[in-house]
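Peer 1: As they're listed, the protein sequences go chains A and B.
Positions 1 to 457 (the numbering used here) are the ones given, in order, by the first sequence.
Positions 1001 to 1108 (the numbering used here) are the ones given, in order, by the second sequence.
Think of the hints as simulated: they come from the structure by calculation, not from any bench.
Warning: the hint list may mix true and false statements.
What the hints assert, rightly or not - Chain A is faced by these chain B residues, among others (derived, beta-carbon under 10 Å): (1) I1014; (2) P1019; (3) E1041; (4) L1043; (5) D1047; (6) H1056; (7) E1104; (8) Y1107.
As the list claims (entries may be wrong) - Lysine-lysine pairs mimicking DSS-like chemistry, simulated, CA-CA at most 25 Å apart: (9) B:K1033 with A:K6; (10) A:K351 with A:K318; (11) A:K351 with B:K1053; (12) A:K328 with A:K343; (13) B:K1053 with A:K41; (14) A:K96 with A:K68; (15) A:K422 with A:K382; (16) A:K96 with A:K18.
Claimed, not checked - If we take Cβ atoms under 10 Å as the criterion, some of the chain A residues that face chain B in the derived model are: (17) A84; (18) K96; (19) R259.
Every residue, glycine too, gets a C-beta built ideally from N, C-alpha and C.
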Amino acid sequence: MIGNSKILVADDDPKFQKLMRFTLEKHGFEVTVCNDGIEAKEAIGHNPVELIISDYVMPNMDGLQLLKTLREEGRDTPFILITAHGSIDSTMEAIKLGTVEYLTKPFDPEEIVLAAQKALNIGHMTRELSELREAVRAKYSFENLIGQSPSMQEACRNIHKASQTTANVLILGETGTGKELAARAIHYNGPSKTGPFIPVSCSAFSGGTLESELFGHVKGAFTDAYRDHKGRFELADKGTLFLDEVGDVPLSTQVKLLRVLQEKRFERVGGQQTLDSDFRLIAATNKDLKDLVRGGLFREDLFYRLSVINITMPPLRKHLEDIPSLVKHFLQQYTRINKKDIKTLSLEAMKVIQSHPWPGNVRQLENAVESAVAMCEGNMIKLADLQLELGELPSERTPDSKDYQGSLPQVVAAVERQMIQKALDQNEWVKARAAKALGVSERVLSYKIDKYGLGKG
Amino acid sequence: MSDSNETRRTERIIVHVDPELEDLLPGFLEDWKEEVTSIREALERNDYETIRKLGHNMKGIGGSCGLEPITDMGRLLEEAAKAMAQEAIRVHLETLSSYLERVEFVYE
């Protein structure tokens, strides 16, 4: 691919043109030569190239002016600037404008071949990166927030509004309602879209490790701190930090969170140096934060700081009318991934899906469709392909008092054990999938498996 | 003494160059000889800009072809032209002209 690349050489010395053409063509490149910047600009306009090699000093328009003009036009073609010895005053400016490399005349012709290969490689990587970024942006476009129901439409409107600002956002909603998807949609359609999106699940870390994860630590800060470690706030510079399960942040860490939100400055754990980070914050929780505030478990000042914009993702049971379009979307997605040719669902299967309570919300629905696609052997998903428990289950019916024998911790433990066993069985004991269906981290699930001594049935 | 100088002026200068340049170098050598004439004519009319430009180009390409003396003489001509130093230009031009007449390429 690189060997056949089109290269434009701009230089007013005919012998240099000949030498460049001869050397580069010998290595399989397709070479166009021009006498100055104006000719080069016109040639590129008619026939785009993958690399420009330009002399700095040329009549009419010099190499630096050519580079500036191209960048102003939005062309990011890799550029190698050639200078004669003693005329490198503008090298720094050229580097700022994105010159991949500059060479000083005279140079060994093989040097230009190596420089061209390097520049073309960088050009290909830059293009790939920009295509990937575009694909990610498309994935999290507003069109992918599916649902015509009033509750989803309202959520979408708020997500859109939030994306147009840099204010802190608090996303509320039950497990599996798409809080992270909403956060990503805000990021990838907002002013920080070219920066990183850094998610962190606050419930996955204990108090001390959460602080180290958020703020980073310096070598020797604690026993296992063998080297300096950048925290998520630092990594989110010029981008978005997504604090999931923010309701699980311990009070001692909440004070530090408040300071970094106010000042955008912090220190690594064990460090003295104050660091700056220009991040946008989106937080999410499935807990009732106001309730936690009332109970003294969440700082009120932090709550107000986080909830400048509030978005509520509705539970699936509140927008059942969106189920057909969600099923269609997941069906298309997983048939493509699994390279299957499944067109639709039987009426019976769809009816069961529509009447299911979906306590795990859209995520559970997605898992069910994924599993059905895997099980399906024809081109239509039938009732038998669905891995849903069709019988009455404790979690799916209205419980009555006889279910609640014993103390509160005993009842909670019994229900928890039953839910975990069911999720593990449904997901063939693939812990990652079971944890996802349950809306807990894999670590939490492993802990609970040990706690209840669960095993394959 | 005079005989010895004469001998040095007519001595062949053998330069070993990359065989891949065999298609280009004979043409370049003729171009440089023509440029010597152009510089001489430019000097007659005090056209230092032409001399500077031709010197600059020689400086840029000589070493790329394995001919460092062309780069060195190009640099001297460029600097002398900037300083409008007629006598220096004449001296460097004679050195260049002599080099171009005596140089022989061995492609290996």
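Peer 1: Give a verdict on every hint.
Peer 2: These are the hints, each one checked on the structure:
no. : hint                : result
1   : I1014               : violated, 21 Å
2   : P1019               : violated, 12 Å
3   : E1041               : violated, 19 Å
4   : L1043               : violated, 21 Å
5   : D1047               : violated, 16 Å
6   : H1056               : holds, 6 Å
7   : E1104               : violated, 19 Å
8   : Y1107               : violated, 14 Å
9   : B:K1033 with A:K6   : violated, 34 Å
10  : A:K351 with A:K318  : holds, 17 Å
11  : A:K351 with B:K1053 : violated, 84 Å
12  : A:K328 with A:K343  : holds, 9 Å
13  : B:K1053 with A:K41  : holds, 23 Å
14  : A:K96 with A:K68    : holds, 10 Å
15  : A:K422 with A:K382  : holds, 22 Å
16  : A:K96 with A:K18    : violated, 30 Å
17  : A84                 : holds, 5 Å
18  : K96                 : violated, 24 Å
19  : R259                : violated, 58 Å
Violated hints, in rising order: 1, 2, 3, 4, 5, 7, 8, 9, 11, 16, 18 and 19; the structure is consistent with all others.
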